[in-house]
Every structure is written in C-alpha cells, then in structure tokens.
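Novice: Each chain, written out:
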Amino acid sequence: MISQLSWKIGGQQGEGVESTDRIFSTALNRLGYYLYGYRHFSSRIKGGHTNNKIRISTKPIRAISDDLDILVAFDQESIDLNVHELRPGGVIVADAKFGPVIPDGVDARLFAVPITKIAEDLGTSLMKNMVASGASWALLGLPLEVLGKAVEEEFGRKGPAIVEKNIQAVKNGAEFVLEQAGGPLEDFKLEEADGKQKLFMIGNEAIGLGSVAAGCRLMSAYPITPASEIMEYLIKKLPKFGGTVVQTEDEIAAVTMAIGANYAGVRTMTASAGPGLSLMMEAIGLSGMTETPLVIINTQRGGPSTGLPTKQEQSDLNAMVYGTHGEIPKIVIAPASIEDCFYDMVEAFNLSEEYQVPVIVMTDLQLSLGKQSCEMLDFSKVEINRGKLVKETPPLEGHELFKRYELTEDGISPRVLPGAKGGLHHVTGVEHDEVGRPSENANNRRKMMDKRLGKLNGLQVRDALRIDAPHENPDLLVIGMGSTGGTIDAARTKLQEDGLTSNHITIRQIHPFPTEALTPYLQSAKRVVVIENNATAQLASQVKMYAGFGDKIKSLLKYDGNPFLPLEVYQACKGMSEDGNI
Amino acid sequence: MATFKEFRNNVKPNWCPGCGDFSIQAAIQRAAANVGLEPEQLAVISGIGCSGRISGYINAYGLHGIHGRALPIAQGVKLANRELTVIASGGDGDGFAIGMGHTVHAIRRNLNITYIVMDNQIYGLTKGQTSPRSAEGFKTKSTPEGSIESTLSPLEIAMSAGATFVAQSFSSDLKGLTSLIEQGIKHEGFSLINVFSPCVTFNKINTYDWFKENIVSLDGFPDYDPSNRMAAMNKIMETNGLLTGLIYQNTTRKSYEDMITGFKSEGLANQELAITEEQFNQLVSEFK
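For the record, the sequence lines run as chains R and X.
For the first sequence, my numbering gives the first residue as 1, with consecutive numbering after it.
For the second sequence, my numbering gives the first residue as 1001, with consecutive numbering after it.
Careful, some of the hints might be misleading.
[Said to hold, decoys possible] Reference listing, derived: stretches of chain R covered by chain X, where coverage requires no fewer than 3 residues with Cβ under 8 Å from a Cβ of chain X: (1) 199-205; (2) 255-261.
[Claimed, not checked] Every beta carbon over 10 Å from chain R, so not counted as near; a handful from chain X, in silico: (3) P1017; (4) V1035; (5) G1036; (6) N1059; (7) Q1075; (8) A1080; (9) S1160; (10) Q1183; (11) T1207; (12) D1223; (13) N1228; (14) G1241; (15) T1261; (16) A1269; (17) L1273.
Just so you know, the hints here were simulated from the structure itself, not pulled from any lab data.
Glycine is no exception: its CB is placed at the ideal position from the N, C-alpha and C atoms.
Looking at chain R on its own, in the form it has when it is part of the complex:
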C-alpha cells in the first residue's frame, strides 16, 4: 500500500486533457484524498502539447512531486516529453491508435488501450477522456461507482442517454486495461483516504468565492491569463446577489471603474496579470491620493512584456510595491494557499475600507490555476468591517463641506458616500485640503502627505508571516512567498533526514514590509535562503533592505517558467549549507 501517487495526462490542447483530469480528480476528492494539481499549457487554444499533473495523497500536500507514477498519453509526443519524470517501473497508459513506444532505456510498463476506438465505437471520439479516466481509475483499483457518480454530475444536464454513454466509456476503458494488466496494479494500491470532506478548487475560484463572501458586488475587468477565471466565476455568481461583472475595454477602464464604484460605496475589485497591472498604475495612484478603497488581484505570470503568459513567475513584486508615480500608502498581500485566497479576499476588502487605500492581492500562476484540495472554509470567520464609513451626518451650513480628509490622529478620516445629505465634499487627485478642495499650500501639503503615508504605520495583517519555526537556531531559515510553500516543506523534510535543521517563513504581507516580526528569525538562523520565481531576487531585496542580514542571505531563483520542484530546493539548500554557496 502506498500513501501517495502522481498521475499525469498529456495530449494536444483541446483534446480532452482538461476534462479527463477534472473527472478523475473530482472522484478522487470525493474519496477524501488530498490532491495538488499543476497545469502545463500553452498560449493557444487548439493544438500544442499540454499536460495536467496531479499528486494524490492521504495526507495534506501543497507541492507537485519530482517524479511520476502514471502517465496517460494521447500521443507519442506526450510520452517523449514527459517520460523523463516517470519513476523506474512506472506506468504508461497510451492510446493504441498511434502505436505507442517506450523510448530507449526507459524502465516502464506500457498499456496500449484503444482509447479513441472505444470512444468512437460508442459514438464519438470526444469520449476519449472518459475512457482514459476509466482506465486510470481501474489500474488504481478504486471503486468504479464513485467515478460513475462524478461522470453523472458532469453530464447530468445533458440527459440520461449521454450520461449512460459516458459511463459506458468509463467502464469499457476500465475493463480493457484490467484485462491487459491482469487486474489492478498491486504496487499502486493507495491507502484509504481519511474520507473527510474537502473542497477541490483553483486559487482563482477561491478568490471569487472569497470576494462574494466579503461583500464584493461589482467587478470590472479585462480578460487575461491567468486571471480570467475570477471574472468568469463572478459573472455566474454576482447576479444572484444583485451585482454584476463588466468586461471593460481595457485595464485602465477596469481599474478606474472599480475606483468609481468603491467611491460610491460598493465593494468592487478588478483582477489582472502583469500587463494589465502596468496599465493600472496611474489609477492606483488616484486611489491612494483620494483615499478611495480599491482591491486589485494580480495573478503573476512570466514577464516582462507579454513574457510567458501561461507560465509560473513571481516577478511583479517590485511593480506592485513601487509602481505608480509619487508616494502613496498601499498594501500588498500574498496568499500562500487556496484557503488564504479565500480568507485574504475578506481581509483585502476590509483593509481597503479600514485604511482607505489600494490593496493588491498577489498570487502566482501556480496558485491561481493549480487545482488543489482545500480544507472546509469557515463562514464564521467572515467578518465585514467597513472602517470609518459614516451613514448619518449632521446637516451642512451654508457653503460648509464634509471633512472627508479630516486630519485625525491615525490619519484615517471619516468617509461618507455620495447620496448622503450632509456629506457633500470634493474628491480630487490634485493635492487637497480637508474638504477635498485643491490646495498648493506647503503646510497643507506636508500635513496631507504625512496623514496619508502614516495610515499604515505598524500595520500587521492576518498571518503577516506564516511561521514554521521548530528550531531555536536552525542551520537554515527558508523564506518564500505565494505557491512555493509546499515545495519548500517537502525539501525541508529531506534536509531533516540529512540532519540539517530548518525553519520556514512564508511572507504574506509583502508591503508594508513586516520587518519587526521577521527580524528575530533572521537573527537566529545560521543561514537564510530566499526562494522566489524571478531573476532579480525581488523578495530577498526587500528582506535585505528592511531587515538587513545581507551577509547571510542567499537566493534560490528560478525563472524558466516552471515552478520549483522539491528536489531542486533540497539540493540547493543542501549545497548551500555545505559550502556556503548556491
């Protein structure tokens, strides 16, 4: 019996790779396994090799695996491109149609299943996905009725005839492979899962769900990879809550529309990736200057320019922290798990209203699109806090205006929404006085700058740092952000086996930088390695700039478009602890 296994399906884009994965993994989720998925895809719709990999485990996992146990291939290219990951003795399930061959020197068991033919015999080659999931499922010796139920739900709305055909395709795929293999593979028998109810979703869906729960009712956005799923989720859900999604003409319209809607009192967000974020910069300054709440999701992908639109990267940190001209207060938070994606949206909307600042929630492609198990979400933790929003205001006398930018002790002024009788005031991106009127007075300028910039003094968000520090003086402190946490933990387990102690901190509050909270951990570690998916060590630079310790901080960087693998992190950390270099 094994406790975990990795499975991958590859084929041409548009050939059913996605749907095979969906059916297969939904059924596994029902059985209570922990899943972690990774999508390798290209910036095109049809054609081009694509593959989906999932790791299946009886325990929580948050990283892809270094190797692969089962490869399902719709074409020879999928075998050739992915076989290097296959562990010795691994299994290839391939469509007999293309006459699959095991490349020279590879130790693998090949099952050639007439995937296309079985599907065509039942009416259409579209059902290849069902045959492939059935065959995979059968090899693992899992109960077929659970897979059947998932198929039924996928096709239920298309009527019983379609459901039946698809279930038949699953069964035929299962039967064929079992006959060839002589029954389920004994060495691939998974231990039973805990059966605990879990959710199975991508980060973008958790962001969408979190937004609805947070009271977001409008979204204005322009389609972009890998953010579009957020708008696609919300356009299905928001109308049920009286809201809507507007697909704007560009990202400038998206962000300024969101600013207008927030000004008028509705929690509104926009979501984009690097190119869109770049277009939004001037407007982010408007939000900061006018103290208008704003929530932006930046799902990072490979940059610069169009870069690697469908690949993993974490290279927008500097743009998010430093982008926009002039100086404004701004909050940047980085969820590190699916659960974070949900709870951080509630936090982001609250922070944006409590501090009246733009809040950027940064994910990366792997977190946004990797489908994974998620613990049940706790609705009781959802609290909406709108800060100093005032509903009732005393009437104004003569030409008096509401002091929307009143100088207060904490720098945060009462906020009133258009429509309120005693709330008239002006809003402008020009430097202004307490009622919002333009002012070039030097004294006023200083006061207003200090007011705005001082609002975030001492800010510490929920789990600003996620700390796993079992050792008082570890050999190594590993620092990361976003989706890399699980990979780092997998590497640490191996380091521990080698007798190397390590602590792990995930920085979730990127800006303002949580210097004070981080410093003791930097101090106590013998060496520090900062791991990030970019070429210029952007996170490490923040750590060094704010907290210091430059002499013991090293970087592990990866910017080839792929997420870190546990083995890479392990080897680099190990090498560093031995000779001091990476």
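Keeping the supplied structure of chain R fixed, place chain X upon it in accordance with the hints.
Specialist: What follows is chain X alone, placed relative to chain R:
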C-alpha cells in the same frame, strides 16, 4: 426643492475671463435644479484639463479623477448607485484623445449617464497644443506648421458606436444648452452632449464670432426627426458637424442597468453586503 443657486459653491473657477466653460457650468446647475435634483443626488465626475475642474465648482458630489478616465469612473459610480444622477464631463482632449477608447465603449455600453464635453478644439491647460478636434492646418505650439491630421468628428463616431442620445450645443446658448442637458439627464441611457466652448486665450480661430457665423441650429428645421438615425448622420455630414440641438435620440433601447440580470432599481450601495450562511454553503457545495 433646490434652485440652481443651491448647486453653486463659493469656489472661484480658475478659468480665463470669457471662457466658454462658465456658461456650461451654469447650464449644468440650472438643468440639475430644473429636473428637480437635490445637490446630494448629483455626482459630477470630471477629467483633467481646464474643463476638468468643473466638478469642484458645482455644489454636488464631485470627483476630479485622472486624464481621460472620467467616463469609466462615472460608469463605476452609476453601477454602484443607480439612484444617483451622474454627469461626466471634460474637454475634447480628455474625451476624444486620451480617453477616446472609453468614450466609444461608454456609448456602446449605454449606462444612464450624461457626458458633457467642453470642446474648445485646443489644449488649454498645457498652454496651447493641437487637439483631435483642431482643424487641419490649425497652427499651435505643437503644430507650428499647422495640423496635418484630419479633424475628428465626435458626432459621427458617437452615431456609429450606437449612441442613443447625441446632442451638440454652443456655450453662448445658455437656454438651449440647459434644455439639452435636462433632456440628457432624463434620457434612459448614455447621452453625449458636445458643447462648443471657445478658448479665448489659445484658440484665435474658433472664436465666439466664428461659431455664431458657422453653426446651424436644428431649430431651423421643424421637420427634423431626431429618431431617424440616417437623417441624423446626413445632417451631421451636411453641416460638417457644425450643428446644434438634439441630433439623435433612440428611446427604445434599454439602458445597460436595465439589461443586467437581477439588477435591482435600488442602488447597490444601499443594499446589504453580507451573504447568509445558507448562501455560502450553496456556493461551497459546487467544489465538493
């Protein structure tokens, strides 16, 4: 009920004496009072430029945003609270140069807002450069040998983008302009009102006298039918865009807000934000 005086504040505009924008400001104030608004029911969203300052000169809610983006901001305000009357305004540079993309799409989208362009055919605040509305051959600081680009026709663009309300006026015609703004506010959809607003400092060609000589009022055509799209397009082309009055109105197309599934007549901003646990559980169930 508020009078136009209640839409005045005590801020002295920084426009040059004689600027057409003064009358446009007055017309907005009069129209707001005439349609029965209270100051807090009106939000004026403006862009950047001399004209962009207008939101600060009207006693109402006002947002002076960034260059070229008055329309998306205004649309956001309207979506968030459709109970507000939303007027967007700015200059020809704001709406037809840097913000042209938004103008066309705001027209297509057809939210119930009124867009008043203060068109002086020049860049004033930056002290006299060419605008997309400048005439060919027009000499400015940025076109010392005369503009060699063709003049943009906002009316033709609006018509072809599917506008449901297109009007044009002249700042000297306070009465006509006020009436058009009232009609624009009452129109259930996006209304574009382009207003010739002479720049007395930098535009020595398109002066008050020049407009008086060259513009044609639709009042002179009693048979003109503003619901006829083709006739409207013809009239714009016939007059080379130098006409005033209500040029086109389509009263049959619903506004964007009225076409959104499940969008209530009560402003979203006035609705409850929190969802119930039951609703939450339902949302979560699809991920099981």
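Novice: Give a verdict on every hint.
Specialist: Hints and how they fare:
no., hint, verdict
1, 199-205, "holds (count 4)"
2, 255-261, "holds (count 6)"
3, P1017, "20 Å, holds"
4, V1035, "16 Å, holds"
5, G1036, "16 Å, holds"
6, N1059, "7 Å, violated"
7, Q1075, "6 Å, violated"
8, A1080, "4 Å, violated"
9, S1160, "16 Å, holds"
10, Q1183, "23 Å, holds"
11, T1207, "29 Å, holds"
12, D1223, "38 Å, holds"
13, N1228, "29 Å, holds"
14, G1241, "24 Å, holds"
15, T1261, "5 Å, violated"
16, A1269, "3 Å, violated"
17, L1273, "3 Å, violated"
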